[in-house]
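**Q** Next come the chains, spelled out residue by residue.
There are 2 protein chains.
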Amino acid sequence: MIDLNTTVTVAIAAAAIGLLFALYQRSFVLAQDEGTERMQQIAAAIQRGAQAFLSREYRAVAILVIIVTIALVILSQVPGSGMSILTAVAFVFGALASGLSGYIGMYIAVRANVRTAQAASQSLNQGLRVAFASGTVMSTMVVSLALLGISLLFIVFVNQLGDAAQAASALAGFGFGGTSIAIFARVGGGIYTKAADVGADLVGKTEAGIPEDDPRNPATIADNVGDNVGDVAGMGSDLFESYASSIIAAISLATLTGAFVGEGLVAAQVFPILVASAGLIVSIIASFLVKTEEGADQERLLGSIRTGIYSASVMIGIVVIVLGLSLPFGDMNVGIIIATLSGLIGGVLIGYFTEYFTADTYGPTKALSASAEGGAGIVVIRGLALGMMSTLAPVIVVVVVTLLATSQAGLYGVAVAAVGMLSTLGITLATDAYGPVADNAGGIAEMSDLPEEVRDRTDALDSLGNTTAATGKGFAIGSAAMTITALTAGGSSALGAAAEPAKLLLNPQFVTGLFIGGLLPYVFSALTMVAVGDAAQQIVEEVRRQFREIKGIMEGEQEPDYERCVAISTDSAIRQMLLPGIIAVGVPVGMALLAVIGKGNVIGEFVAPISLVGVLLGSLVSAFMLAVMMANAGGAWDNAKKNIEAGNYGGKGSDAHKAAVVGDTVGDPFKDTSGPSLNILLKLLAIVSLVIAPLIGSAFPASADLIDPDSPPAVEQTTDESSESSGG
Amino acid sequence: MIDLNTTVTVAIAAAAIGLLFALYQRSFVLAQDEGTERMQQIAAAIQRGAQAFLSREYRAVAILVIIVTIALVILSQVPGSGMSILTAVAFVFGALASGLSGYIGMYIAVRANVRTAQAASQSLNQGLRVAFASGTVMSTMVVSLALLGISLLFIVFVNQLGDAAQAASALAGFGFGGTSIAIFARVGGGIYTKAADVGADLVGKTEAGIPEDDPRNPATIADNVGDNVGDVAGMGSDLFESYASSIIAAISLATLTGAFVGEGLVAAQVFPILVASAGLIVSIIASFLVKTEEGADQERLLGSIRTGIYSASVMIGIVVIVLGLSLPFGDMNVGIIIATLSGLIGGVLIGYFTEYFTADTYGPTKALSASAEGGAGIVVIRGLALGMMSTLAPVIVVVVVTLLATSQAGLYGVAVAAVGMLSTLGITLATDAYGPVADNAGGIAEMSDLPEEVRDRTDALDSLGNTTAATGKGFAIGSAAMTITALTAGGSSALGAAAEPAKLLLNPQFVTGLFIGGLLPYVFSALTMVAVGDAAQQIVEEVRRQFREIKGIMEGEQEPDYERCVAISTDSAIRQMLLPGIIAVGVPVGMALLAVIGKGNVIGEFVAPISLVGVLLGSLVSAFMLAVMMANAGGAWDNAKKNIEAGNYGGKGSDAHKAAVVGDTVGDPFKDTSGPSLNILLKLLAIVSLVIAPLIGSAFPASADLIDPDSPPAVEQTTDESSESSGG
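Which chain is which? The protein sequence lines are A and V, in order.
Number 249 in our numbering belongs to position 249 of the first sequence; there are no gaps in the numbering.
Remember, our numbering sits 728 above the position in the second sequence when you count from 1.
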């Protein structure tokens, strides 16, 4: 009925529509009024800063990409390494696509901010439209480029290698390429954004006594650049990888599990690509539904965003049902539909629960605000407890989705659940990328002394952005967990772990691997939290120096040297992310090499392929909890502070407010640096392991039997069992 | 050469010596001068409070013990449940032994405090001697009763059941009984101690402006009682269980792994009992070495404690080598020696690194103090980062010890490593139990207006107690992790998990079990942290009420109603620990029941025996990190505050001090409630699973083959491999 070529054509068509839409939205945004000269000046400074960061980042990224590409090429040439040179090809394309998405997302975001501020002088709806349109540029770019890249590479690889399983294996390089950008954008960006923010506040607000976003503060431009770096480029490349990897894992597991044969196999391979293609189109349609009227409160603004996301979810749900029923899945049609929908609904639920725990319209954050009267210590304790408790919902959702999906469609079910969860990324990511634009618009409105009513509107838009940012972070880690579960399921068999299955639970390498894996997120978080402090300190010193040495700044007669602060943030962010980055790549590579070297000798008793599987699972569990805890505690502290600033418990300047500010200070690196960085740690660990899996696979050939679809292993049995019960 | 009967005789003799020593030390402590009438009054109030808590706790415990005993008896009578009624017998004895140790420990601690204060008026050394002697009463009681209980029950069970493996399985009830006490003492006690502490401070220091430990504060007695409840009774029953379970796991694995036969099997069974017996004796000898001279600084005081611990370690090291060489282990003598010593050294290293991260004589806490100048937010961030980074050392130690031990002696090696680590408990636990006595002594000296020099001495002793408490917590969680690894190794085969080994890594029930396991410590910590806040609030209201309604308190004319505060703390602590306790017991029991019920139907696709193994491993990894992070961050904040109070960075009352106080407030429930409670969560999960394992084992008989020593399973293979390589 539908073959691979037709599917790829469909995907390319969808991606083309997506790219055209992005182009259209870009033109729409750029056609808007840029406002007063003062506004244009400020915006230009932010644009220069963003450009400076991107140039610096991409130079560093380029070096990394070249080194990794060379390493992959060399490895593929080592006889018996089992790795294809196509992995290197996929890697380069993944890095390029992710880098391009981030670049264009940033490009448009730092131009949309000033136009949003200006549009807000017309009406709230106009402001929302411009900011949201810029978000859709980024989100449709990410989705379209990922879809295009995967489809094209997959068909080329299948033709080259003549085998879908090997093609899917090489395709893992595409996700790896995306993550290489993500580590810079997300980790480096996370350090950058908070270093600039904290640094600007420490000297500006505290020492010099000038308000936030005051143009006299040399670090204020760096602060505004930072918002975009972390939440536009970082979030974009993070989700680029999750999105791409979920599709690749589904294609790969369609073959690996051995549950599908003949036209059923083709159906299982094309299904994720078709769902993703449809998801892109419905996201575009739904994005037209995001609008509001004048004077809308937060509840209504949030409602307009929700209308878009929920509409897209309903539409893609229908597509999934239609596709699931019409593709020749044998007796698994209903099972695959249920698995995919469970992921889709799971994503919506994670978003809802994140909002529940972090928005001050609900009980938890309200109680957190109230606790501020007890002092800073109590606020911190309650916020940490809130964050810990909030791990409950996403874990239960991921657990239920995973179990439901596997019971319905085996491991393939987990992968399509991840595809389902991420299918509406075209609109969910737009709501994330919208946040920093609205935030910047508020800053520009403040710096340019726009009228009160405009600032009220940009404040409302900014506030909305805070909530969508928190929700987005919950969604990002939730979908990352699903994707990694799917990736690990696919990868662990290739890893040869199953070679010693009977010994597994009693296997010291596995258990200690779990410990090492559990440890990594803690070390990673410690490093990134301290990195923010160190980088902020450098900004503080630079701002002090400028106040001291450049005469006339405080009188507004002389413009401060914004560029210098941008350069310092950029440099220290990129320097500080090196060690965490090396850990994330070095641990799996190092362990894989030790496992290969240790085969048959004493080293092998300490490190074996199974150790690496332990590390993957251990880090998945540990990082998932920690990331959700950090993101939600951070979001709740932020909103608790805002809740008090809105006049509760004594309002701004009260003791409760001071206590809440302490909570927010702790929450800043939690939610914007360490928490999101853990996504990248997780995904780097998983994808690096997956990419080097063939190396281990060929060193431990006995373990490769699970990869061979001809030998019917335990996996097939699982799927058989589950399809039976789903039928019954 | 040596048979089971002889070994049990040796153990009983050692336990008898231990009990006699405890009796001697008790008489020594009670013979000391009780000081002035005022001191005796205060001490009597603390004693009444402690008595009130213990009565209330033991009433609650008794109900739990009766219910669990009945449940165990009923389960053992269900045909085909596979459980022996002897498990119930062991449970009752374990509960009694643990309860008795805690009771006597508390009894002597609340009598030693006032005598320590009085002894400190003679000399620093005399104060140290009295406080430390009271610690040894508790520590030798714990070790002696555990050793006595295990030896006697083991030989009786072997005679009854005629099979060492089944006897060891039933013996698991002994550890379970110990944990049932621990959940009350450690979790309830942890909530109690901080509720009283925080509640007393909030009204006393902040509202009424009276100093800490002021007799006019109605909550001050509850505060002093709390110190004993958490760190004497709690720590004691916590380590009672670890100690007992490590020995039981070793005996059990000697049989289960199938690596030992004939006289080798007997040697492997008696070895842990002999090491433990010798450990008790050397601890008693080493405790005589703990003494100091007048005017000793912290470094010297710490040195005197270290002398005791290190001497005991060296002595037991020699015993291990002698035993290992003389017992007929076949070719595994050297391997078993190395495994045991690696645990012993690992324990010392964990203690050292805990001290490194939490004592203000080293870099990390010094840097934390310095960061207080940046404000409360920065202190909290740096403290959390410090705590996270400090997980590195214990994890690496546990990983290396586990791998080394297994490579040398298989899974049995892990168990004897845990036995080695805990072998010096007779002295290490004494240093923990010493802390609250010194703390109380300081409080009594303050309340009774003893001369400045006496308070200087009690302050020095108290400060030493803070460091040993932090070290003790690190050791407690490290040894718990080792014990649980050994228990899980023994238990998971009995759990029948290995029945589906080939599917394991690809097994959704396993992976989702890991997630649920990873989640539990977060939920548990959130609940206990909030419980402290809620309980403290009740104290605050009661203290306010007394100030309002009882005239003449502030003038010192009327004594406040201390008992009421004690009663409130007690009641709310025991009420608040119910939910965490139910979770810890309910999750494994519930999952086991679901797994049994779900066999062969749709529930089985969601919950299977393997799910429970996932929960165990997931919680082990997650709780280990979290507990170490909390304990060390809490210890470091406490010492950073003290460092500032000693005159650094502006000293008491400075902004840096206020910031450090916020850190300490966050750290209090971290280190004294949530962190230590996680030990209990972990151990309850492990031991409950182990106890109900036969139930699962008989429902899934196919999986039971690993238990049968006659069928040579993969386990044996592992051990063979490792013994081969250890020989080569």
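Worth flagging that the hints you see were computed from the coordinates, not collected in a lab.
Misleading hints may appear alongside valid ones.
Some chain A residues close to chain V (C-beta under 8 Å, calculated; not the full set) [what the hints assert, rightly or not]:
1) VAL92
2) LEU96
3) ILE210
4) VAL261
5) LEU265
6) VAL266
7) ARG382
8) VAL398
9) VAL399
10) THR485
11) GLY518
12) ALA526
13) PHE624
14) TYR649
List time: in silico DSBU-like cross-link candidates among lysine-lysine, alpha-carbon distance up to 35 Å [to be verified]:
15) V/LYS1386 x A/LYS652
16) V/LYS1019 x A/LYS366
17) A/LYS642 x V/LYS933
18) V/LYS1019 x V/LYS1279
19) A/LYS658 x V/LYS1019
20) V/LYS1386 x A/LYS205
21) A/LYS366 x V/LYS1386
22) A/LYS652 x A/LYS642
23) V/LYS1019 x A/LYS642
24) A/LYS658 x A/LYS205
25) A/LYS652 x V/LYS933
26) V/LYS1386 x A/LYS658
27) V/LYS1019 x A/LYS205
28) A/LYS658 x V/LYS1380
29) A/LYS658 x V/LYS933
30) V/LYS1327 x A/LYS642
31) V/LYS1370 x A/LYS652
32) A/LYS658 x A/LYS366
33) A/LYS652 x V/LYS1094
In silico contact screen, one side only, chain A against chain V (beta carbon under 10 Å); selected entries [claimed, not checked]:
34) SER371
35) LEU386
36) THR406
37) PRO521
Yeah, the Cβ is synthetic: ideal placement off N, Cα and C, and Gly gets one too.
**Q** Evaluate each hint against the coordinates.
**A** Consistency of the hints with the structure:
1. VAL92: For A/VAL92, the interface hint is violated, since the closest Cβ of chain V sits about 31 Å away, which is over 8 Å.
2. LEU96: 33 Å, violated
3. ILE210: 18 Å, violated
4. VAL261: 19 Å, violated
5. LEU265: 19 Å, violated
6. VAL266: Not OK, violated: A/VAL266 not within 8 Å of chain V, min 23 Å.
7. ARG382: 7 Å, holds
8. VAL398: The hint holds - A/VAL398 has a Cβ within 8 Å of chain V, the shortest such distance being about 6 Å.
9. VAL399: 4 Å, holds
10. THR485: 6 Å, holds
11. GLY518: Where the cut-off is 8 Å and the nearest Cβ of chain V is about 4 Å from A/GLY518, the hint holds.
12. ALA526: 4 Å, holds
13. PHE624: At 7 Å from the nearest chain V Cβ, A/PHE624 passes the 8 Å test, so the hint holds.
14. TYR649: Violated: closest Cβ of chain V sits about 16 Å from A/TYR649, beyond 8 Å.
15. V/LYS1386 x A/LYS652: It holds: about 21 Å lies between the C-alpha atoms, which stays within 35 Å.
16. V/LYS1019 x A/LYS366: Roughly 54 Å separates the two Cα atoms, so the pair is violated.
17. A/LYS642 x V/LYS933: The given pair, whose Cα atoms are some 30 Å apart, holds under the 35 Å limit.
18. V/LYS1019 x V/LYS1279: 47 Å, violated
19. A/LYS658 x V/LYS1019: 48 Å, violated
20. V/LYS1386 x A/LYS205: 20 Å, holds
21. A/LYS366 x V/LYS1386: 26 Å, holds
22. A/LYS652 x A/LYS642: 9 Å, holds
23. V/LYS1019 x A/LYS642: 56 Å, violated
24. A/LYS658 x A/LYS205: 14 Å, holds
25. A/LYS652 x V/LYS933: Satisfied, since the Cα-Cα distance of roughly 26 Å is no more than 35 Å.
26. V/LYS1386 x A/LYS658: The given pair, whose Cα atoms are some 13 Å apart, holds under the 35 Å limit.
27. V/LYS1019 x A/LYS205: 54 Å, violated
28. A/LYS658 x V/LYS1380: Holds, at about 21 Å.
29. A/LYS658 x V/LYS933: Holds. A/LYS658 to V/LYS933 sits at ~20 Å (cutoff 35 Å).
30. V/LYS1327 x A/LYS642: 52 Å, violated
31. V/LYS1370 x A/LYS652: With Cα atoms ~32 Å apart, V/LYS1370 and A/LYS652 stay inside 35 Å; holds.
32. A/LYS658 x A/LYS366: At roughly 16 Å apart (the allowed maximum being 35 Å), A/LYS366 and A/LYS658 satisfy the hint.
33. A/LYS652 x V/LYS1094: Judged against 35 Å, a Cα distance of about 34 Å means the pair holds.
34. SER371: 8 Å, holds
35. LEU386: 7 Å, holds
36. THR406: 4 Å, holds
37. PRO521: For A/PRO521, the interface hint holds, since the closest Cβ of chain V sits about 8 Å away, which is under 10 Å.
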